[in-house]
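Residue numbering for the sequence shown follows the working numbering, starting at 6 and increasing by one per position.
Please note: incorrect hints may appear among the correct ones.
[As the list claims (entries may be wrong)] Here are the computed lysine-lysine pairs in the DSSO-like style, where the Cα-Cα straight-line distance is at most 27 Å:
1. Lys114 x Lys16
2. Lys25 x Lys7
3. Lys23 x Lys7
4. Lys82 x Lys49
5. Lys25 x Lys114
6. Lys82 x Lys25
7. Lys72 x Lys114
8. Lys12 x Lys23
9. Lys114 x Lys82
10. Lys16 x Lys49
11. Lys82 x Lys7
12. Lys114 x Lys74
13. Lys106 x Lys49
14. Lys49 x Lys25
15. Lys12 x Lys82
16. Lys12 x Lys74
17. Lys74 x Lys7
18. Lys16 x Lys106
19. Lys72 x Lys106
20. Lys82 x Lys23
21. Lys12 x Lys49
22. Lys9 x Lys49
23. Lys49 x Lys74
24. Lys49 x Lys114
25. Lys82 x Lys72
26. Lys49 x Lys72
27. Lys25 x Lys9
28. Lys106 x Lys9
29. Lys106 x Lys82
30. Lys7 x Lys49
31. Lys12 x Lys25
32. Lys23 x Lys9
33. Lys49 x Lys23
34. Lys106 x Lys74
If you're looking for bench data, these hints aren't it; they were derived computationally from the structure.
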Amino acid sequence: MKTKTEKDFAKTVLDLTKTKEERIQAAFHLENALNDESIRKLGKALLTEPSPIVRHEFAFSLGENAKPKIASPYLMKAVEEDENIFVRHEALLALATLNDKSVIPFIEKFLNSPEEEIRESAEIALQRLRN
């Protein structure tokens, strides 16, 4: 059996013929991705995946990545556009986990969200970034 590579995992996250669990596990393998294109594929998967549960896990995995300049734009778009509150919540926390202080003004905008969960997520994200 062939050992899967980072490229294989990047392909899997976008492959809707794979099970949700296979896509989630592939995302977890990409948390330490070194290849910028792999991170971009995970970001694209976050924005195109039909399952909110899987998108939530993709957001988490992007937050664990060490390349905020690549991961942050995808997470920010998810915060702004995803229809699922739990995906937006996770994307906010993932932005903070990347520890890139340049996203503080973006996150601050969500302190006034009409949705309590988003306000609280923004508050927690800012606490994480400021400590």
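Broken hints, by number: 1, 5, 11, 17, 18 and 28
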